[in-house]
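Student: Work the whole structure out from these sequences, hints included.
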Amino acid sequence: KAGVTQTPRYLIKTRGQQVTLSCSPISGHRSVSWYQQTPGQGLQFLFEYFSETQRNKGNFPGRFSGRQFSNSRSEMNVSTLELGDSALYLCASSLGEASYGYTFGSGTRLTVV
Amino acid sequence: QKEVEQNSGPLSVPEGAIASLNCTYSDRGSQSFFWYRQYSGKSPELIMFIYSNGDKEDGRFTAQLNKASQYVSLLIRDSQPSDSATYLCAVLKTSYDKVIFGPGTSLSVIP
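So the sequence lines, in the order shown, correspond to chains A and B.
With my numbering, the residue at position 103 of the first sequence is 103, and numbering never jumps.
With my numbering, the residue at position 105 of the second sequence is 105, and numbering never jumps.
Since the hints were made in silico from the structure, they are not lab data.
List of simulated lysine-lysine pairs, PhoX-like, C-alpha gap at most 25 Å:
1) B:56 with B:98
2) B:67 with B:2
3) B:42 with A:13
4) B:93 with B:2
5) B:93 with A:57
6) A:57 with B:2
7) B:67 with B:56
8) B:98 with B:67
9) B:93 with B:67
10) A:57 with B:98
11) B:93 with B:56
12) B:98 with B:2
Note that the structure is predicted; figures quoted are calculated from it, not measured.
Tutor: Quick look at the structure:
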């Protein structure tokens with residue numbers, strides 16, 4: 001059974017640019033959650049999508065957005081990149097609700113210069 | 001007050017000893033609790049989850065939950081150098097809510 005696939009693994013972008021990250025959950029999993037991980041803030045919740053609908057949202061500015069497709073694949077977009085957006089972005093997959101825990105992808109390391 | 005708190009460590013234990021990792025949470029209505037392990041440069045992986053007060057054992061790992069004290073812990077028996085990692089405590093209020101992670105505790109097992 002394939003795991004959670006995140007692409008790309010690494011990205012270097014310039015301030016002001018925008019970026020799109022992709023996540024394919026485990027087959028059959030319908031929920032995808034996104035987290036930002038930085039050394040100073042730890043794992044911060046961005047948003048969760050279930051059946052193409054945003055079910056939960058964290059406290060991030062509107063520059064951070066996401067969506068989910070009918071095949072449960074999800075994308076997140078960050079517009080007008082800032083230096084502080086440099087982080088590891090992790091996607092987490094679960095069947096439908098999180099009671100049994102997540103399976104994380106390998107993450108996308110974003111560096112904003 | 002942060003929603004989920006952990007001692008940042010680093011916690012150092014000798015090989016073969018018991019490592020004890022602690023976590024407190026602020027929302028008394030929280031229902032599900034998780035421990036994840038994250039090796040340096042890797043993504044978190046689920047070790048255990050616990051819902052009910054008391055202990056839950058899985059191999060060398062024991063999770064302990066005390067909802068009255070809003071406290072959850074992870075014990076690692078017979079610690080091995082391969083257990084050296086950051087351990088993340090996570091809390092879920094309801095099944096369809098977001099999972100909140102603590103800052104993690106760095107564990108180092110010394111051979």
